[in-house]
Amino acid sequence: MAWGPIILTAKLALVTTIILLVISVPLAYWLAYSKSRIKPVVETLVSMPLVLPPTVLGFYLLIAFSPGNALGSWLQDWLGIRLIFSFSGLVLGSVIYSLPFMVNPIQSGLASLPTSLTEASYILGKSKIKTLFSVLLPNIKPSLLTGIVLAFAHTVGEFGVVLMIGGNIPEKTKVVSIAIYDEVEALNYDNANTYSLILFITTFLVLLSVYLINGGHLKRFWK
Amino acid sequence: MIEAYVHKKLHTANGEMLLDIQLRIEKGQFVTLYGSSGAGKTSTLRILAGLLSADKGKIVLNGNTWLDTDNKIDITPQKRRIGYVFQDYALFPNMTVRKNLEYALEKGQDKNIIKELVDIVELEDLQDRNPETLSGGQKQRVALARALVRTPEVLLLDEPLSALDQKMRSKLQDYILKLHKQYNLTTILVSHDVGEIVKMSDKIYCLEDGIISREGNPITIFTNDRLSGKFQFAGEVIAIVQEEVIYIVTVLVGNNVVKVIAQESEIENLAIGDKVIVASKAFNPVLVKVEE
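Protein chains in written order, with the working numbering: chain E, 1 to 223; chain D, 1001 to 1292.
Take the hints with a grain of salt, since some may be wrong.
Ranges between beta-carbon positions, derived for each pair [as the list claims (entries may be wrong)]:
| id | chain 1 | residue 1 | chain 2 | residue 2 | range |
| --- | --- | --- | --- | --- | --- |
| 1 | E | P138 | D | D1068 | 35 to 43 Å |
| 2 | D | S1037 | E | I63 | 57 to 65 Å |
| 3 | E | T115 | D | K1111 | 24 to 32 Å |
| 4 | D | T1076 | E | T44 | 27 to 35 Å |
| 5 | D | R1098 | E | S47 | 50 to 58 Å |
| 6 | E | S127 | D | D1125 | 55 to 63 Å |
| 7 | D | S1037 | E | V210 | 14 to 22 Å |
| 8 | D | D1088 | E | I63 | 50 to 58 Å |
| 9 | D | N1014 | E | L14 | 32 to 40 Å |
| 10 | E | P138 | D | E1122 | 22 to 30 Å |
| 11 | E | S47 | D | L1252 | 25 to 33 Å |
From the derived model, a few chain E residues whose C-beta atoms are all more than 12 Å from chain D [to be verified]:
| id | residue |
| --- | --- |
| 12 | F85 |
| 13 | A120 |
| 14 | Y122 |
| 15 | I169 |
| 16 | N188 |
| 17 | L207 |
According to the in silico footprint, chain E covers these stretches of chain D (three or more CB under 8 Å from chain E) [unchecked claim]:
| id | stretch |
| --- | --- |
| 18 | 1099–1113 |
| 19 | 1256–1263 |
Just so you know, these hints were derived from the structure itself, not from any lab.
As the structure is a computational prediction, the values presented were derived from the model and not from experiment.
Virtual Cβ for every residue (Gly too), placed ideally from N, Cα, C.
Construct the complete structure from the given sequences, taking the supplied hints into account.
In structure tokens form, the structure reads like this:
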């Protein structure tokens, strides 16, 4: 068994989660408070990866970013970025694919806060940004934690998108879920078992910690 | 002085209602918006604070225009510099009492104001507590203090005492009056408690279905001008008993039970639970100094 796929998976999940956190907070904020007409459309797009087969998403990303197409060749010629069969492509695919797992908890957390908290902060002269970071986000820590952990765990577990857009290049795009498939194909059941067990235990521990913390069992450590 | 005119179509539980209000409040006045729920009291307060937009309106405070829909002026709540106490107190759960107060400080503002307010509303022992561990009355005091940290000229109170019992209410009314005087505030209170209004306000606006039906001195309003008494207390009838040819009406004034003799003609329209004013004029009161 090689450590490469495990490190790659951890790296992918970490980078994806950080990027997701940065883009999901403003997106969830907008979804929670906006009265815009296009909100249902945006909500639908954000939630699509929940039901869409990952291969569909992977397929379209593959088509869009292939150097044979306008977008793909533009990215490659002007920015020097190649998104297919590369780590950056994996990150992009994972970000889109795990978006609802980060956005939905944050959005419902924000929506559950009484509006008087926001209004009180405004009346005390504080800006929207200050209110978001000093009042709103600190009061939805459990939602933030749920979003972070679910996005991380979901990225660790993805297969279809990665296979379509990243292929199976060792050290570059070969993550654990693909390595398992690979080992099984090559009849190396022992290796497949080791990888699988690592994923099984990690996901179990990660999710368990969320339930322990959000259920209040570990409240004294998380304040 | 506050001069305000607001006009807004509201969507309420009973369908659409047109809010059309004109207020004129002198500096330092204590004014109450009175009316049944759904009459537009809270909406008026929210429009004054800038939390709700008006379809048409103009609000001017001491020469500063906060809202002028004709000239597209609408100052944000942040810049109106008012104090506002919410019905649910709106204390930030992630901050201690002390941090809640400090959050309200403006950049570079002197911290002494917090100590001063903490002293007035007696919060010394509660400063490190989290809001969720406080009782209703304690939360209310924190909310009051927090609203005044920025030293606003105007204090808006949205039914701040409705969730409290009678004893706590009366104590908090005293705190509010004390703060009102000490900081020379112009205060607007939303309330439908007659006793509270008579005790606290200089002027009352009665709202009915979005318009002001009556305005003026609370006693005059609540007694329809029939009274010119020197001592007046608002209370609630708790018993009416016939004794020979007269009636004894028992009235709860604050925490005190008062018995009043009444003629048959006077009790004709009275029922238990009615709000009444107990007044007296034809006697010479005696003053006795209270030894402390």
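- Against the structure, test the hints numbered earlier, and report the numbers of the ones violated in rising order. Checked against the structure, the hints that fail are numbers 5, 6, 7, 9, 11, 13, 14, 19, while the rest are satisfied.
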